[in-house]
Each structure stands twice: as structure tokens, then as C-alpha cells.
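Chemist: In order, the protein sequence lines correspond to chains U and E. Residue 106 in this note's numbering sits at position 106 of the first sequence; the count goes up by one each step and never skips. Residue 845 in this note's numbering sits at position 129 of the second sequence; the count goes up by one each step and never skips.
It should be emphasised that the hints constitute simulated quantities derived from the structure, not laboratory data. Careful, some of the hints might be misleading.
Residues of chain E clear of chain U, computed beta-carbon distances all greater than 10 Å [as the list claims (entries may be wrong)]:
hint : residue
1    : 732
2    : 764
3    : 766
4    : 815
5    : 845
6    : 881
7    : 907
No farther apart than 25 Å at their CA atoms in a straight line, the calculated lysine-lysine pairs in the PhoX-like style are these [as the list claims (entries may be wrong)]:
hint : chain 1 : residue 1 : chain 2 : residue 2
8    : E       : 863       : U       : 38
9    : U       : 38        : U       : 228
10   : U       : 229       : U       : 208
11   : E       : 874       : U       : 12
12   : U       : 12        : E       : 851
13   : E       : 874       : U       : 645
Because the structure is a prediction, the values reported are computed rather than measured. Heads up, the beta-carbon is just placed ideally off N, CA and C, and yes, glycines get one too.
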Amino acid sequence: MTNSLNDMRHAKSLIFIGSNAPEAHPVSMQHILHAKEKNNAPIIVVDPRRTKLAAKASDYVRIRPGTDAAFMMGLVHVIIKNGWEDKEFIRTRVAGFEEMAKVAETYTPEEVENITGIPVEQTLRVAKTLAKNRPTSLTWCMGGTQHSIGSSITRSFCILQLVLGNMGKSGGGTNIFRGHDNVQGSTDMCILSHSLPAYYGLSDGAWKHWCRVWGVEYEWMVGRFKEKKWMNKKGFTLSRWYEGVLQTEKIHQYTPIKAMIQWGCGSNSNSQYARVKQAYDKLDLLVVVDPFPTMTAAACESDNIYLLPSSSQYETSGSVTSTSRQIQWRQKVVDPIHNCKDDYQIMELLVKKLGFADEFYKNIKQVPEDITLELGRGSLTIGYNGQTPERIKKHMENWHTFDIDDLQAKGGPCDGEYYGLPWPCWTEDHPGTPILYDVSKPVAKGGLPFRNRFGVEKTYDASGRSEDLLAAEGVYNPGSEVEGGYPEFKDVVPGTNWKTDLSQKTIKEAIAKGMAPFGNARARCVVWNFPDQVPIHREPLHSPRPDLIAKYPTYKDQQDHFRVDTRFESEQDPELVKEFPFVLTTGRMVEHMGAGAETRSNQYLAELQPEMYAEVNPRLANDLGVRDGEMIWISSPEGSKIKVKAFLTERVDTKTIFLPYHFAGILQGKSYVENYPEGTAPFVSGESGNTVTNYGYDIITQIQATKDGLCKVAKA
Amino acid sequence: MARVKFLCDVERCIDCSGCVVACKEGHHVPVGVNRRRVITLDQGKPGEKSISVSCMHCADAPCIAVCPVDAIYQRDDGIVLVNKKTCIGCGYCFMACPFGAPQFPKGNVFGARGAMDKCTFCAGGPEEDFSAEEKRLYGQNRIAEGKVPLCAGMCATKALLAGDADVVADVYRHRVFQRGSGVNAWGWSKAYKE
Numbered sequence: 001m002t003n004s005l006n007d008m009r010h011a012k013s014l015i016f017i018g019s020n021a022p023e024a025h026p027v028s029m030q031h032i033l034h035a036k037e038k039n040n041a042p043i044i045v046v047d048p049r050r051t052k053l054a055a056k057a058s059d060y061v062r063i064r065p066g067t068d069a070a071f072m073m074g075l076v077h078v079i080i081k082n083g084w085e086d087k088e089f090i091r092t093r094v095a096g097f098e099e100m101a102k103v104a105e106t107y108t109p110e111e112v113e114n115i116t117g118i119p120v121e122q123t124l125r126v127a128k129t130l131a132k133n134r135p136t137s138l139t140w141c142m143g144g145t146q147h148s149i150g151s152s153i154t155r156s157f158c159i160l161q162l163v164l165g166n167m168g169k170s171g172g173g174t175n176i177f178r179g180h181d182n183v184q185g186s187t188d189m190c191i192l193s194h195s196l197p198a199y200y201g202l203s204d205g206a207w208k209h210w211c212r213v214w215g216v217e218y219e220w221m222v223g224r225f226k227e228k229k230w231m232n233k234k235g236f237t238l239s240r241w242y243e244g245v246l247q248t249e250k251i252h253q254y255t256p257i258k259a260m261i262q263w264g265c266g267s268n269s270n271s272q273y274a275r276v277k278q279a280y281d282k283l284d285l286l287v288v289v290d291p292f293p294t295m296t297a298a299a300c301e302s303d304n305i306y307l308l309p310s311s312s313q314y315e316t317s318g319s320v321t322s323t324s325r326q327i328q329w330r331q332k333v334v335d336p337i338h339n340c341k342d343d344y345q346i347m348e349l350l351v352k353k354l355g356f357a358d359e360f361y362k363n364i365k366q367v368p369e370d371i372t373l374e375l376g377r378g379s380l381t382i383g384y385n386g387q388t389p390e391r392i393k394k395h396m397e398n399w400h401t402f403d404i405d406d407l408q409a410k411g412g413p414c415d416g417e418y419y420g421l422p423w424p425c426w427t428e429d430h431p432g433t434p435i436l437y438d439v440s441k442p443v444a445k446g447g448l449p450f451r452n453r454f455g456v457e458k459t460y461d462a463s464g465r466s467e468d469l470l471a472a473e474g475v476y477n478p479g480s481e482v483e484g485g486y487p488e489f490k491d492v493v494p495g496t497n498w499k500t501d502l503s504q505k506t507i508k509e510a511i512a513k514g515m516a517p518f519g520n521a522r523a524r525c526v527v528w529n530f531p532d533q534v535p536i537h538r539e540p541l542h543s544p545r546p547d548l549i550a551k552y553p554t555y556k557d558q559q560d561h562f563r564v565d566t567r568f569e570s571e572q573d574p575e576l577v578k579e580f581p582f583v584l585t586t587g588r589m590v591e592h593m594g595a596g597a598e599t600r601s602n603q604y605l606a607e608l609q610p611e612m613y614a615e616v617n618p619r620l621a622n623d624l625g626v627r628d629g630e631m632i633w634i635s636s637p638e639g640s641k642i643k644v645k646a647f648l649t650e651r652v653d654t655k656t657i658f659l660p661y662h663f664a665g666i667l668q669g670k671s672y673v674e675n676y677p678e679g680t681a682p683f684v685s686g687e688s689g690n691t692v693t694n695y696g697y698d699i700i701t702q703i704q705a706t707k708d709g710l711c712k713v714a715k716a
Numbered sequence: 717m718a719r720v721k722f723l724c725d726v727e728r729c730i731d732c733s734g735c736v737v738a739c740k741e742g743h744h745v746p747v748g749v750n751r752r753r754v755i756t757l758d759q760g761k762p763g764e765k766s767i768s769v770s771c772m773h774c775a776d777a778p779c780i781a782v783c784p785v786d787a788i789y790q791r792d793d794g795i796v797l798v799n800k801k802t803c804i805g806c807g808y809c810f811m812a813c814p815f816g817a818p819q820f821p822k823g824n825v826f827g828a829r830g831a832m833d834k835c836t837f838c839a840g841g842p843e844e845d846f847s848a849e850e851k852r853l854y855g856q857n858r859i860a861e862g863k864v865p866l867c868a869g870m871c872a873t874k875a876l877l878a879g880d881a882d883v884v885a886d887v888y889r890h891r892v893f894q895r896g897s898g899v900n901a902w903g904w905s906k907a908y909k910e
């Protein structure tokens, strides 16, 4: 989130696209409804389903799954056509606007209606509502990201906010809600295959930086790998790790994957779950570290699996980062009970057994405080260095002194600081940055310009035009020595920059000059290192509109895409819709969480939502001869199928089937419940929605495309 | 003396059932017995509305009037409670209640017999405050601890208000004024054309 949950209280309008906050983020609703009530802020909800959030909306926009970018570019089109864009913001703080506007020209409201199904009048009305009620807070969630063009879709959201001038403003921003209490923290630590912690990437420089932080020799680290080149190569992703085991797709690695550790991972959140299950059976070693056995324990049918019971959050402590970039300290309530151990103990035993405890624990004597300190000292890119355990704990203890509206402590021991020291918190006396890219405040007081990351000038491929990438004259944070754009700080300590200077002299010098360590630049509408430099619509791989494939085809097939070949073009078959006529999309329900291992094991939540189901429009059900509560088979183009109960509701339209994805225990009609260790089966079992979610992955991130597949439905 | 009331602000209720689960977890209410429920009307259609409902602790409670053994009584603060040791489980209160609040033990189709259970406003029961017997029969006694009921305390959007009726009314009145006029005011779209 560029802003915070609390700051959404200041929005004059709100747009949600691919987000169903009452089910996925119920607590956020108090701030959203506050904006609605206090500011009379219109709430626009864009979703294939008339969700519980739509019930609170002033305008509900039903959109065909996977066409979000077309709608956004359509809004941009209407805004520019009416002269509603924020011209001064664009002139001074945005790059590549003209090139982007050229692309938006083709997304007329009529074309948007053809692609998305949203009536022309509604696109016009939404554009006007946003233009007349600024600032707008824009929120997206997995509904915006889990598509083969997810990276373009999310960029189109940002572009809309840039065009409206809503960035860096209280009540505005791009506010992406994260799934649980520490998803932002795990993202910041880059528990991913393509980057070291804090978005440093996998370059030699990144490895050397972190080796310095960890206090280990770089050469020793190189020696841990088969060859040095593997250090710099993106690994398999969570979405497709099983391809490395099954090897039915071409993999680009010297060995198949032989062992797997799932640490706090609800595995049935993986698409194509039937294939995931095959991989379990083929692995030499499968380890599940979790308070609950998870579906993995039941689905794996070979004797290669070990379950390590870990403690719950109440049996351990440590720092966690919230969706608003705030760091909080989680206190331990009781020692781990029964036979479980906390994650730190499990990690320690593992590290000792693997024989590198000396290197691993160089800076870590006191757990977990030293861990927070070490990761903070290295994570300079995102300013994690100012949030010491002492400061975090002080904030927790003085919770009541912070203002609910702007998160700032008014008096008391934390006077002037923002709750949770939202990153970047550049120094140990910095108050935290409550709103990113806000040039109205000094950097030392939580202000920030846009980051300079992609050079200082660019000649665009599309137009041949050259543009200065730094912010225009006159745009700077109060007190800045340079009264305009400036590049990132480097060579304050020779050979280092603000990201790699562990002495933090560079950062301190920048702050002392009233400037941001990462420079003062423009936000880009054109990303020249992506296949689509400006976001455009591309039909989902499995499209219900074969007539649009020629005009909006997907990408070329990708080789060595996170170590495995990924099909795009060759997967986009215009004939597929004839056999699989309905769009399949998935989502959350409020009672269950993620893969559901925990919540389906709670008797009261199980009582509230005891059964897997598929949402089917009553009209479609009548055409298919299916009554409410009858069982149906839903089949995917990949050949997997699930048997679920039909739940008739007008939440979905007549072309769309919706599945919640929290259930597990039954796979393609066969129950695996008896495979759980004795006494550990959840109260509620059901087919996993992800057994039938389709093939398809984002071109940049390889996130699975679970929101816009196709399926067929038959009475069971 | 203050009289307690619940109020569920339907503009705020998001149908998350947090109140239901807070109640059940907090009082260890058996599965199948619902002291509180969220009701949704027109689910998935325009105008969808949700409301959280439990015993309303009526000022002139029909359940008290019909109880043949006088097991149900009202405290001075308005909280309506049942004495489970007196209750004969006849179900008259269930027939009289306008909200379907009284609950009975679940069992086989005809076999469920036992004392009535319902929302206590988190005020325990006639047994001694904080006694093991009170906890076993009625759950926690948060009112004696000076706390609001669990359901309202848990409510993410503060849709569900509970406590002194005057304070609840003030909070709600403040909200109604704050909503004021403009696009979200009731009747605005009928009165004005944009």
C-alpha cells in the first residue's frame, strides 16, 4: 500500500477492482465505511461477482474476468478526452505520459464494452465520478494479479492514479491489501525465487551486499552452489515448482527437484492441484512444517513425507509487517504446547544438522530481536533500518497515543512518530513514512518523492521522444537542498550507494540535506524492460471470446521462464470455448483463510461454512437442469474435475462459475480424509477449487492465472 | 439506572460473522446452538443487506410473559436471563420471541430436551459471579468485569453496538448526522438527478 488502511478514511472516492474486502479484509471495512459516511465518498466496485463489497457500493461494475487493463485504459481514455487529467502532476512527476496516452486512444468506451462487457454509459459515469471526487483511493487484490497479463493489469491501475494525480496524497494512492498479518513482511524479505531480501535481486552485487550483512565470506557462499551461475538465475516459483519434479514440461536445471519443504504453506492454494499431488508422490523427500498437517499430508501417498508440528503465533514472538508497511511486535503468550516447536527452533535444528550454524548465527545471539536487527541493517532499499525492536515495542506499549486518522503520535513517548514506523524509516530517529511519494512533508518528517531507479533520461521506442526522468523544477520536499529532481545518492562512501553503504552515512547525508536517498524522479507510464511497454489488453489464455483473440492475442511461448518452459500462444486455442463454455473464477470467503487447514479445523467456522460449493446463476442452472443443492461435476481443460454442490445465486452472471478455494481433503471425487494422521483431520473437507483452475501464468511474475479460466459443468 | 441495548447498524454490517464466532468461542457454546446469527437479505442482488440478530433483551419481554415456570427474568439493567436449573425446556419462549432467539440443545430429530440457552449480554446467569457453575451453564460474565459483550467488542466495522441504551443512541445519532446529505444520504438519488 502506498498509503495506509487508516488513511483511506480521507478518500473522497474509492475504487476496488479484484478486491472483496468484507470477505478477505473485513477489518479494513471500518476505514472504508468511514470514508463513505464522513466524506460521502462514492464506492465503485469492479468485479465479476456482485460481492459483499458490491452490497456497500454506490456503483457496481460487472466485468468479464481478465479484462481489467482494458477497463482502466478506457477510463484513462475518457479522462484525457474530457481534460480531467491532472496536468500539473503529469508535467512535473510523470514520465512517458504521451506514449501511454497514445495507447489509451484505442480504448474507446465502445471498445471497452466489447472487451469487458461494461456498458459505455457506466465507463463514462465511473470516469466522471473519479474525476469529480479526488483524491481516489484505488485498491486491488488477487483478482487483479492472478492473470496471464497480471503485471500489465496492476500497472494500468497505477497509471489511472498517476493520470488523476492521486499519488502521494492523503486519501489517494494504490492500496493493495495483503492477505494476512505478515504477507507484506514476507514480500519484503522476498521469500521468492527471484530476489534476495528487500528487493536486491540476484546480481553479484546483491549477494556481496547480503554476505557483508550476514558477516559471511562471499566466496564461502559461492561454494554452497553447484556452480556460481546458479546464484544469479531465478529459481522455480511457488506456482510451478512441481514441474521441476514431474518433468513433463522442459526444465532448465541440471537436476530435477528431489526434495521439498513446505513451511507454513497451504498447498491447495496451488492451481492444477491434481498435478501438485502427483509431484508429492514422486519427490524423494517432502517436509511439512505447520501447526496443521495441511492437505499435503493427506494427498501424499508415498512414504517420503515428514510432518514437523510448528507452534502458532501465540507461542512465539517477533516482528511482523502489516499491509500498511507498519512493523509490529508480536508477543508470546505461552510456551509451545504439546509436541510442537516454534519456527526459530525448527530452523536452528535444521541449520545445525546441515552444518552451517556458525555462519548462520554470526549476528544472531538473541532470538528474535537480533533477527529483526540484522534484516533491518541490510534492507536499506526499503528503509527497514530505523525500526529497531526497542522502537517497535515502544509503539506497541503506547498504542493509545497514536491518532486513528493520520497514525501519528500526538504527545507521549512516541511524539511525532507514525504508528509502526511504516517503511521507509531511514534512521533510528525517523518517524516512518505514512504515505509514499508525498512531497508535502520534509523527508525527515515522513515525506518522499518518486524514486530514481531507471536512469536520468530515456528515448522512447514508440515515439522517438526523449524525456528527462527526474522530477521537474519546483517539485521537492520542503527543506530539500535541490529544488527539483535529483538522482539517487552514491559515492558518499566511495564504491557504495545508498543501498549498499552499510555505515548508512549516505542515507544520513541525504536526510540532512532534506533529500531522499533514492533521488527525486518521475513515475513511469512506459516500462521499457517489459514485453508490453504500456499496458494493453490481451485475451486470457483460455478465452471465452475467440473473436477477440486475433486482435488481442497473448504473448509468445516463453523458454526458461523461471527454469521451465511456459506456454502462451500455443495454449490459446480459439476452439476451446466450444467444449468449455463457462468462465471459471475463484475467491475467498470470510469464514475460511487461505488453504483452510486452520479454519476448517475450527468447529465454529466449520459450522458456518461446512461445505464446498460452486456459485451458479439460477438462469444457467435452469438451462443445465441443475437445482439448488444438487451435485455437479466441474471439469477443466487440463482434464481434472471436481464434484461439488451447486449454490444458486445471482452474485455471478450466467457465463461465470465461482469457486471458493479454501477446501481440501477430497480430490476429483475421491476422499483422502483417512490419510490424515489420527485425530488431525479438519472438521470440514471438500474438493479443492484449485483442482480445476486452469493452466496459465503471468508473463513477468509467473503468478498463476486462477481468475480467468474456462470450465464445463455437468449434473453429477 | 442504565438500561442496556443492542443496535445493529445495517449500513455497516458486512456479514462477516465475527460476532457469531466471538460469542461461540468466548462462551464455548455448543455447535448447533446460536446465541447470535447474521441474517442476509437479497444475497447477491441489488439492495443486499445484512443484520446481526440475537436476543434483543426486550423491555417488555414476551418470553418472560409466557414462561410457565418463571425461569426467565429481567435484571434492573434490562438484561434478560434464564435460570437453566428452573427451565423445563418447553419451548414456549421460542414461540413467543419475535426474533427466534431462544435456543435448545441439538440432538436427534425428536430427542433434544434440555434447558433453553440464549444470549446473556455476556452477563453470565443467576449463579454466583465468576463461579465455575456460572461459566459452565452460561459462559463468561463480562458485564461483571465492566466490559462490553464479546460480539460488539469484536465487530470489525462497529456495526454492532452494545451497552447503555443512551450511549448506544448517541453513537448512532452521531453517525446519522455524519452521514448527512450528499450521494450516500437516504433518498438523495430520488430527490436529485445528477
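Chemist: State for each hint whether it applies.
Modeler: Structure-based check of each hint:
A beta-carbon of chain U comes within 10 Å of the beta-carbon of residue 732(E); the shortest separation is about 4 Å. Not every beta carbon of chain U lies more than 10 Å from that of residue 764(E), the smallest distance being close to 4 Å; the non-interface claim is violated. With a closest Cβ-Cβ approach of about 8 Å to chain U, residue 766(E) is found to fall inside the 10 Å limit, against its non-interface label. Residue 815(E), annotated as away from the interface, keeps every beta carbon of chain U farther than 10 Å; the closest lies near 19 Å.
Non-interface call for residue 845(E) relative to chain U: holds, since the shortest CB-CB distance, roughly 26 Å, exceeds 10 Å. The Cβ of residue 881(E) lies farther than 10 Å from every Cβ of chain U, with a closest approach of about 22 Å, so its non-interface assignment holds. No Cβ of chain U approaches the Cβ of residue 907(E) within 10 Å, the least distance being about 14 Å, so the stated non-interface status holds. Between residue 863(E) and residue 38(U) the alpha-carbon distance is near 28 Å, which puts this suggested pair outside the 25 Å criterion.
The suggested pairing of residue 38(U) with residue 228(U) is violated, with an alpha-carbon distance near 58 Å, which exceeds 25 Å. A C-alpha spacing of about 14 Å is found between residue 229(U) and residue 208(U), which places the hinted pair at or below 25 Å, so the restraint holds. At roughly 21 Å between alpha-carbon atoms, residue 874(E) and residue 12(U) fall within 25 Å of each other, so this suggested pair holds. About 48 Å separates the Cα atoms of residue 12(U) and residue 851(E), which puts this hinted pair outside 25 Å; it is violated.
Distance hint between residue 874(E) and residue 645(U) is unfulfilled; the C-alpha atoms sit about 34 Å from each other, more than 25 Å.
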